[in-house]
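Asker: For this one, chain A is given, so just place chain B on it according to the hints.
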Amino acid sequence: MLRFLFNRALQSVIALWVIVTLTFFMVRFVPGGPFTAEKAVTPEIEANLKAHYGLDKPMHVQYLSYLGKVLQGDLGPSFKYASRTVNEIIGEKFPTSVQLGLCSLAVALSIGVPLGVLAAVKRNTWADYLASTVGMLGISIPTFVVGPLAVLFFAIHLGWFNASGWFEPRDRVLPSLVLGFAYAAPILRLTRGGMLEVLGQDFIRTARAKGASETRVVLKHGLRGGLLPVISFLGPATAGILTGSFVIESIFQIPGVGREFVSSATNRDYTLVLGTVILYASLIMALNLLSDVVNVWLNPKLRLET
Amino acid sequence: MQIVRRLPLLIMALAACLAGQLSAQPKILNVGNGAEPQDLDPQVITGVPEHHLMIALNEGLIGMAKDGAHTEGALAERWTISEDGRVYTFFLRKEAKWSNGDPLTAHDFVRSYQRLLTATLAADYSYMLFVVKGAEDYLRGKLADFSQTGFQALDDHTLEITLSKRTPFFINSLTHYSWYPVHIPTIEKHGGLKRKGSPWTRPENIVTNGPFRLKEWIPNKIITVERNPHYWDAKTVLLDGINFFPIELTDTEERMFRAGQLDITNEIPPAKIAVYQKRSPELIKIDPYCGVYFYRINVTRKPLDDKRVRKALALAIDRELLVKMVSRGGQLPAYSIVPPGVADYTPKYRLEGTVEDAKRLLAEAGYPNGKGFPRVELLYNTLETHRALAEAIQQMWKKNLGVEIGLVNQEWKVYLDSQKMSNFQIQRAGWIGDYVDPHVFLDLWETGNRNNNTLWGNPKYDALLEKSLDAKDDEERYAIYQEMEGILIDELPVLPIYFYTRPRLQSTRLINYRTTFLDNYPWKYVDLKQ
Chain A
1 MLRFLFNRAL
11 QSVIALWVIV
21 TLTFFMVRFV
31 PGGPFTAEKA
41 VTPEIEANLK
51 AHYGLDKPMH
61 VQYLSYLGKV
71 LQGDLGPSFK
81 YASRTVNEII
91 GEKFPTSVQL
101 GLCSLAVALS
111 IGVPLGVLAA
121 VKRNTWADYL
131 ASTVGMLGIS
141 IPTFVVGPLA
151 VLFFAIHLGW
161 FNASGWFEPR
171 DRVLPSLVLG
181 FAYAAPILRL
191 TRGGMLEVLG
201 QDFIRTARAK
211 GASETRVVLK
221 HGLRGGLLPV
231 ISFLGPATAG
241 ILTGSFVIES
251 IFQIPGVGRE
261 FVSSATNRDY
271 TLVLGTVILY
281 ASLIMALNLL
291 SDVVNVWLNP
301 KLRLET
Chain B
1 MQIVRRLPLL
11 IMALAACLAG
21 QLSAQPKILN
31 VGNGAEPQDL
41 DPQVITGVPE
51 HHLMIALNEG
61 LIGMAKDGAH
71 TEGALAERWT
81 ISEDGRVYTF
91 FLRKEAKWSN
101 GDPLTAHDFV
111 RSYQRLLTAT
121 LAADYSYMLF
131 VVKGAEDYLR
141 GKLADFSQTG
151 FQALDDHTLE
161 ITLSKRTPFF
171 INSLTHYSWY
181 PVHIPTIEKH
191 GGLKRKGSPW
201 TRPENIVTNG
211 PFRLKEWIPN
221 KIITVERNPH
231 YWDAKTVLLD
241 GINFFPIELT
251 DTEERMFRAG
261 QLDITNEIPP
271 AKIAVYQKRS
281 PELIKIDPYC
291 GVYFYRINVT
301 RKPLDDKRVR
311 KALALAIDRE
321 LLVKMVSRGG
331 QLPAYSIVPP
341 GVADYTPKYR
351 LEGTVEDAKR
361 LLAEAGYPNG
371 KGFPRVELLY
381 NTLETHRALA
391 EAIQQMWKKN
401 LGVEIGLVNQ
411 EWKVYLDSQK
421 MSNFQIQRAG
431 WIGDYVDPHV
441 FLDLWETGNR
451 NNNTLWGNPK
461 YDALLEKSLD
471 AKDDEERYAI
481 YQEMEGILID
491 ELPVLPIYFY
501 TRPRLQSTRL
511 INYRTTFLDN
521 YPWKYVDLKQ
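Order-wise, the sequence lines are chains A and B. The first sequence begins at 1 in my numbering and counts up one residue at a time. The second sequence begins at 1 in my numbering and counts up one residue at a time.
The following block holds chain A by itself, in its conformation from the complex:
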């Protein structure tokens, strides 16, 4: 297990370095720079701006200097927000995204897993069809449709919540529900599929033959194997959910990392693009590793392979 962890950590570091390097050069080759604006500035101003941010140096010097700083934990200054550093921006925004992400994850799991189990257990009954319909709706209706509809009904029509913002505790409810619902749908489908596969296996039949109650069969014997596909999915999904969703953060006016992730690319804010990419990539790798570990722990076959 230790060797497995060490190998995966090494792979992650190499992958991260490749991602940072590719992103570093790709953002610089995209037309339009951080200081390209509608109103032209004098050549002196342009030259001074480049000098201030070190963009006047050869590309390889910029790259090595950036890597050196990143290794010391310094992600550099933001090019768009003159007085802020990337560390500060991510430090301010990430906790908000984590709050939103954890609430949404809780919503997603508490809807997706029980409904998925119910659909599998009551296969081809109205309960299965109803749960599957919920899953289809969650997958096929995008958050930019569900979000505004939820605001119109619950905030404007009923007046239960604010339309947008991130000030009071109740401001967490609608965005978490909308984002959670979007992730609940694939969790429901994966749970249903996983459970159906497990419930058809010999050891389940044996358990039933030994007289185990249906609840015990499903929850103790079935869930352990049935949730394996969900756990694999949860690695990247949790990373996505934690780094926020641009759409949800824009609709609900949430100051999270998701908005920075997209707007930094459109602003050509090179350092902020790289900072958010590093955060996103690190999270995906860490959470994938975690889901692999949980998978190994739950699945004896995988344990033997490692």
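Honestly, the hints are just simulated from the structure, not real lab data. Every residue, glycine too, gets a C-beta built ideally from N, C-alpha and C. There's no promise every hint is true.
DSS-like mimics (lysine-lysine), calculated; alpha carbons at most 30 Å apart, straight line [unchecked claim]:
no.	chain 1	residue 1	chain 2	residue 2
1	B	Lys348	B	Lys307
2	A	Lys39	B	Lys413
3	A	Lys69	B	Lys460
4	A	Lys39	B	Lys302
5	A	Lys50	B	Lys413
6	B	Lys94	B	Lys235
7	A	Lys39	B	Lys420
8	A	Lys39	B	Lys194
9	B	Lys307	B	Lys420
10	B	Lys359	B	Lys324
11	B	Lys194	A	Lys50
12	B	Lys307	A	Lys39
13	B	Lys142	A	Lys57
14	B	Lys165	B	Lys460
Which residues of chain A face chain B? A partial, calculated answer using Cβ under 7 Å [claimed, not checked]:
no.	residue
15	Gly32
16	Asn48
17	Leu49
18	Ala82
19	Ala155
20	Leu158
21	Asn162
22	Ala163
23	Ser164
24	Pro255
25	Arg268
Just a few of them, taken from the derived set where beta-carbon distance is under 8 Å, the chain A residues facing chain B [as the list claims (entries may be wrong)]:
no.	residue
26	Pro31
27	Ala40
28	Tyr81
29	Glu92
30	Ser250
Answerer: Just chain B now, kept in the frame of chain A:
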């Protein structure tokens, strides 16, 4: 029994208490403010959302008056202008103070302008000061001694500014935030004067001089300002504070307005304008905005190098239909370059002609009914309204002239790169004035101007522009501008489409709020019904 007798008295006392409590409620205005500001340093920022914040936090020599149409003395109590129109002497208000209580003096202005012209600060708007003697040379390093420039503090309360030319629009240009003073000791304490981007603008550090002072700034969430007790005109300020919400999605903003979270929106989704006009006309305000939407033409590319082709394209556009059916924000169809009503200037030359004239001109250029017209592309940046306009105009050109124009869509920064390199044939564009004067819309088209990008130039036009700065009065100057517009309308390096408006939603609780031509109404005059 005694209690019953005293009941009315008790009720009255209770009512008085409640009324007292109600009147003690702070008056806080909630404003949708578009994008998150780049910074709160008036010498570093460039955008419109920042401008709204600047006029709450800072003040310059000249400000906008309560009527929203004229300028008035702000930190300058009065001023004199020398006979040759080059030397302006400003007499500052002796009671003017910074938000930390420090006195505000003429030396603060001089040191602020020196900072703005410091090359390493790389301030985009430093060119606004180039009208002053020696300013450009100082920035470019040709002049080392700042005391040799036209900025002089004659004493603590007298500031003298000497211009290189007469520049009749100088006073109007002073309303722009690039002319605001900054608190030098604070900047020195937090990173120095030569450095761009330092934490001096954080709520815990910032010192300003406007009607409000910064209370809270949570990026992408809220910027809160509160009354500045040291402001020289604090008695005029009616609001207790303003919350500025950075909201980029107009739909989100509109929903927040409907839920009562906002009193003023920055914009309104175009599709909702007609709905509000029909159902709640009292909530929607459409005001003129000092800008023109136009199509820029690269005059070096065939067949657009022929002015007859450009004119044919210009005449084949039905502007009335465009503003009524496509843009739908109450915009005015544009037949000239300078928007109507800019500093009382009225364009004399207008784009005139019928579709038949357009067909005739195109035939004269060698393309009867569009036959043989080469492939031409129209470039626009990704935005629904630009796409809709481009498609409508594409159809008008096809129907009226028989020419096929291709549409090319580019992401904003890619589009700007194409513009900068003049890498386009026809490009949609817009220009909003930094100050209210026709000069802003005409100096753009000077040969080699970095914002021209059409590669068009005309020596007569350039000479007239130069001459306009030496004009004795506005009458003489405007006559020159009219002549210049005549050249533009004849040669059409740009095709004017419409003049901008500023549609927005406003709560009926608002008192005294109106937009100015530049959309920078002074917050100190605004009030809120309780």
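Asker: Now tell me, hint by hint, if it's right for this structure.
Answerer: Comparing the hints with the structure gives:
no.: 1; hint: Lys348(B) - Lys307(B); in the structure: holds, 20 Å
no.: 2; hint: Lys39(A) - Lys413(B); in the structure: holds, 12 Å
no.: 3; hint: Lys69(A) - Lys460(B); in the structure: violated, 55 Å
no.: 4; hint: Lys39(A) - Lys302(B); in the structure: holds, 26 Å
no.: 5; hint: Lys50(A) - Lys413(B); in the structure: holds, 17 Å
no.: 6; hint: Lys94(B) - Lys235(B); in the structure: holds, 16 Å
no.: 7; hint: Lys39(A) - Lys420(B); in the structure: holds, 10 Å
no.: 8; hint: Lys39(A) - Lys194(B); in the structure: holds, 23 Å
no.: 9; hint: Lys307(B) - Lys420(B); in the structure: holds, 22 Å
no.: 10; hint: Lys359(B) - Lys324(B); in the structure: holds, 24 Å
no.: 11; hint: Lys194(B) - Lys50(A); in the structure: holds, 15 Å
no.: 12; hint: Lys307(B) - Lys39(A); in the structure: holds, 26 Å
no.: 13; hint: Lys142(B) - Lys57(A); in the structure: holds, 25 Å
no.: 14; hint: Lys165(B) - Lys460(B); in the structure: holds, 20 Å
no.: 15; hint: Gly32; in the structure: holds, 3 Å
no.: 16; hint: Asn48; in the structure: holds, 4 Å
no.: 17; hint: Leu49; in the structure: holds, 4 Å
no.: 18; hint: Ala82; in the structure: holds, 4 Å
no.: 19; hint: Ala155; in the structure: holds, 5 Å
no.: 20; hint: Leu158; in the structure: violated, 11 Å
no.: 21; hint: Asn162; in the structure: holds, 6 Å
no.: 22; hint: Ala163; in the structure: holds, 4 Å
no.: 23; hint: Ser164; in the structure: holds, 5 Å
no.: 24; hint: Pro255; in the structure: holds, 4 Å
no.: 25; hint: Arg268; in the structure: holds, 5 Å
no.: 26; hint: Pro31; in the structure: holds, 4 Å
no.: 27; hint: Ala40; in the structure: holds, 4 Å
no.: 28; hint: Tyr81; in the structure: holds, 6 Å
no.: 29; hint: Glu92; in the structure: holds, 6 Å
no.: 30; hint: Ser250; in the structure: holds, 5 Å
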